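Novice: This is what each chain is made of:
2 protein chains.
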Amino acid sequence: MTAKNITAAVLVIGDEILSGRTKDKNIGYIAEYLTNIGIDLKEVRVVPDDEDEIVPALNALRKRYSYVFTTGGIGPTHDDITADCVAKAFGVELYEDPRIIAMMLERLKPEDLNEMRRRMARIPVGAEHVKNTISKVPGFRIENVIVMAGVPAIMQAMLDDVAPKLTTGARMLSRTIDAMGIPEGTYAADLGQIAKEHPSVIIGSYPQFGEGRFHNQIVVRSKEASTMDAAVSAVEAMLRDLAAKKG
Amino acid sequence: MTAKNITAAVLVIGDEILSGRTKDKNIGYIAEYLTNIGIDLKEVRVVPDDEDEIVPALNALRKRYSYVFTTGGIGPTHDDITADCVAKAFGVELYEDPRIIAMMLERLKPEDLNEMRRRMARIPVGAEHVKNTISKVPGFRIENVIVMAGVPAIMQAMLDDVAPKLTTGARMLSRTIDAMGIPEGTYAADLGQIAKEHPSVIIGSYPQFGEGRFHNQIVVRSKEASTMDAAVSAVEAMLRDLAAKKG
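Chains as they are written, first to last, in my numbering: chain A, 982 to 1228; chain B, 982 to 1228.
Bear in mind the hints are in silico, worked out from the structure with no lab data behind them.
Note that the coordinates shown come from a computational prediction; the quantities given were computed from them, not determined experimentally.
A portion of the hints provided could be inaccurate.
[To be verified] Partial selection, computed: residues in chain B whose CB lies under 10 angstroms from chain A:
no.	residue
1	T1058
2	N1095
3	F1195
4	R1202
Idealized CB from N, CA, C, for every residue including glycine.
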């Protein structure tokens, strides 16, 4: 029996990523995390702090994938508009959640709970909290959309909270094979043939460049150990043959 | 006179980024580079090595922005399908460019120029080369789409080659102001007011989290030095006032 594929997209919200001022650290982290729990990340988009960009992107992604993870834009300042945009995308209202106000009052004096801080207590009708063990104020989840902070430490804590509640599929297994110094162009034909003969396996070739030359790795991925192992054996045999010819 | 805004999108092509195996280093680099030369990066998408994903994404982005920069998928192996997808998106044919074959023969023996390596010499009809000073085989540009390698060192060389040929707009100027330890929630209302009073300026507040607390920075961006300076002065005066109240 093959488990249903569970898919996801990440929507990164933030002018600071697009201007290059802040280098994103969340995409790679979420990608690896989801792969490890059996959710296939299929798309990432980065959009500015602009309602006209966020709402259509969110609507496109949430209809297409099992889950959408957003990062950024949930702080107290005027440029934090993610909650408003998510509510708009779902056609629901935001409300001030008294449970979040209570959490904020654990760390703030009542006179410091100003109007802008109260903005962080607003969540869409129908949303549930995503716990923030770092700075208390939670993210939220509404249907298949999970709204998280942009600050990496907080985003990571939120992902740990929400992950056990998600439906996951079969985990993608992966094996990396060093290409033994053989150039990509030398093994490309044989590798393409192996990919054709193992259609349920995903085979990629990834060059890295360093010290003036390429170092290639071949990655074999599958949701089934037996099919992956068969393809790995074929790749290893191919590399041995090519190395012998060369030598 | 205000220069026309020149916009761009980045399309990252690669299963390895979505699986988390490879951590992208190109998005942040391109973002900063384009900002510095007066091109506004407005959107980034990451898609898998799948024609049905690449072609529609490329068509959506190239119609919407002045330029689209793609990274990845231009090597010799079966999973490198970017050139095919770009040709399909533009409805043109790929052809084997004898100038690229000649470049390859500078580094390869004729008997090593196999069918898969020849794939790298294919460019769409109407495309021009984007020079690769690292490993010779060029990227290409067709209309407003610039197709680059995924390997960072090669991508960076290609960007250096193509950048002087692009139309650029007014450079976005930027000033970062340290929030002097004042919490975001304390300055959020005043900062929002300043943003309202300086509508041509983009003001963002960016928390970082480290050693158990937040360190906030306020970033003021504008294409005009005078309007930026006015907003920066207002932000600095606000922070001084708040710091005085606190002290």
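Novice: Give me the numbers of the hints this structure contradicts, sorted from smallest to largest.
Specialist: When the structure is compared with the hints, none of them turns out to be violated.
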